[in-house]
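Protein sequence lines correspond, in order, to chains A and B.
For the first sequence, this note's numbering begins at 1 and goes up steadily by one.
For the second sequence, this note's numbering begins at 1001 and goes up steadily by one.
Note that these hints are calculated values from the structure, not bench results.
Some clues are possibly wrong.
[Said to hold, decoys possible] Partial list, computed: chain B residues near chain A (C-beta under 10 Å):
#: 1; residue: Ile1067
#: 2; residue: Pro1071
#: 3; residue: Ser1072
#: 4; residue: Phe1101
[Stated by the list, open to error] Per the computed footprint, the stretches of chain A lying under chain B, defined by three or more beta-carbons under 8 Å from a beta-carbon of chain B, are:
#: 5; stretch: 99 to 108
#: 6; stretch: 141 to 149
#: 7; stretch: 208 to 218
#: 8; stretch: 305 to 319
Please read all numbers here as calculations on a predicted model, not as lab measurements.
Glycine included, every Cβ here is placed at the ideal spot set by N, Cα and C.
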Amino acid sequence: MAVAAVAETALGLSTQRLLFAGQPILFCTNSSQLAMYARGYLPKASDAIAPATPVSATITVHVRESDELCESAPYFRARGNFAFARFTLADSFWFNLRTREVFGTCSPELANDCRRWRAHIFPALLGILSASIGVAPVHAACLVRDGRGVLLAGHSGTGKSTLTIAMARRGYELLSDDWSYLSVTEDEVDVGAVQAWGLPVPVKLLPDASSFFPELYECQVDLSLNGEIAYEVFPEECFGVGRSLRCSVTNVVLLERGTEPGCAMLSISPNQAMNHLQAEVEPLEGGLACRYRKQLDLIRRTVDGASCHRFLFNDHPDNAAQALDEALAGVS
Amino acid sequence: MDPNETGTTPTDMMHRRTPLTFRGRFLWLGTSLTIQTDSQTILRAAETAGLLPQDDCERESQLLWEIATEPSGEAPTNDWACKVTVDNHSLFLSMGTRQWFAFDFESGEGAGFVAAWDAGASCDPNALKYLPEIVCHVGNCLQAKLERSRWS
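Next comes chain A alone, as it looks inside the complex (with noise of 0.2 Å):
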């Protein structure tokens, strides 16, 4: 038997006018315990960017009851301007690219699983819907010091989470350890200008970190939402290392796993970056093909306007953020 259920007629709703990589959207939801998790995930648009301009986004998230259980079943496709994204088997969200609209459904338990919607959900929401509001994701790590950001980007497999939190502990701001979001300010700060952004997730972190990181022991590996086993800490709590949202893009860092003992940085091309960055973007094709240049556009503007440099290593990753911290230094 159907059911249905008409968004528009959900009552009780609440918005809120938020923030992501810049760009405001409008979360709306009929359950207090959603609204305060996105109040604390994005800042307040308002904090940044004139409260008449548009929105980009609206996610509309509906919490009811729900006879299916909270049981882990991630599932995401798209195709043209659609895409369905599913983490359990007791939620849906449907997204329209076109017109820019999120709809999600999902039981009072995973509303109150504050955890999964910061560590999983939102960013996952969020990432499916960046190209239809001129955000790009890029697959790199990113470290900010006196403003002034530094991407790393590298395969999956290279060390860039491990690396990333021993830059950390020398003194950077944690932006991200997987995933920043390149997207151009509207903001009166510096309109115009290529930006990265970050989200507040956890940091994800491979069981053999526990033996460079000592503050691992206390926690436990968990199952990720692409099925590996790890350890995702919220790096502010586990680490006692400071956060940053934003940041202009100096350096773009292009890692790679050495063979020989040691560390080197070379400097590489502006093109050398873009093509390694680029071939991690889902290209987008019909109606998104504009999208899809666009992003690959804020990725061209980052590496023309940073230094880019490939950095070998194969060492202790207190003694690769040193020397990268190192190199970077003599770079600027």
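With the hints as your guide, set chain B onto chain A.
This is chain B only, laid out in the frame that chain A set:
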């Protein structure tokens, strides 16, 4: 979204680019509809669902639906219920945990994924249930919108 698990490249984690090599054009509710799919079983199921096939497949239609099949990996089960969600611009149908269809009322575009036990079979039982659900619910919504526009 583990690319290793799904066999996709890292940049097709959401299976956006499954090639849809089959194309059928139909007449439905007095309008033209093109279905692009990767399996002929979908086109056959569309006929079974009451869509009237047309010869000129390459002609542009008012409605365009893209439907990709995925191997179900299990014996066919079509004991799912169709859950319908409607918002201002779109209709969303969820049919079991890994099947869905979305339709945009303004653009006429639709897209979805369906599990097929045997995509090459002449009549996959799952596809035979999936298509009629879409036809029924999209049709109801389109007719309701037409009625409203007549009275407004």
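Results of checking the hints against the structure:
no.: 1; hint: Ile1067; verdict: holds (8 Å)
no.: 2; hint: Pro1071; verdict: violated (14 Å)
no.: 3; hint: Ser1072; verdict: violated (13 Å)
no.: 4; hint: Phe1101; verdict: holds (9 Å)
no.: 5; hint: 99 to 108; verdict: holds (count 4)
no.: 6; hint: 141 to 149; verdict: violated (count 0)
no.: 7; hint: 208 to 218; verdict: violated (count 0)
no.: 8; hint: 305 to 319; verdict: violated (count 0)
Hint check: violations occur at hints 2, 3, 6, 7 and 8; the rest are consistent with the structure.
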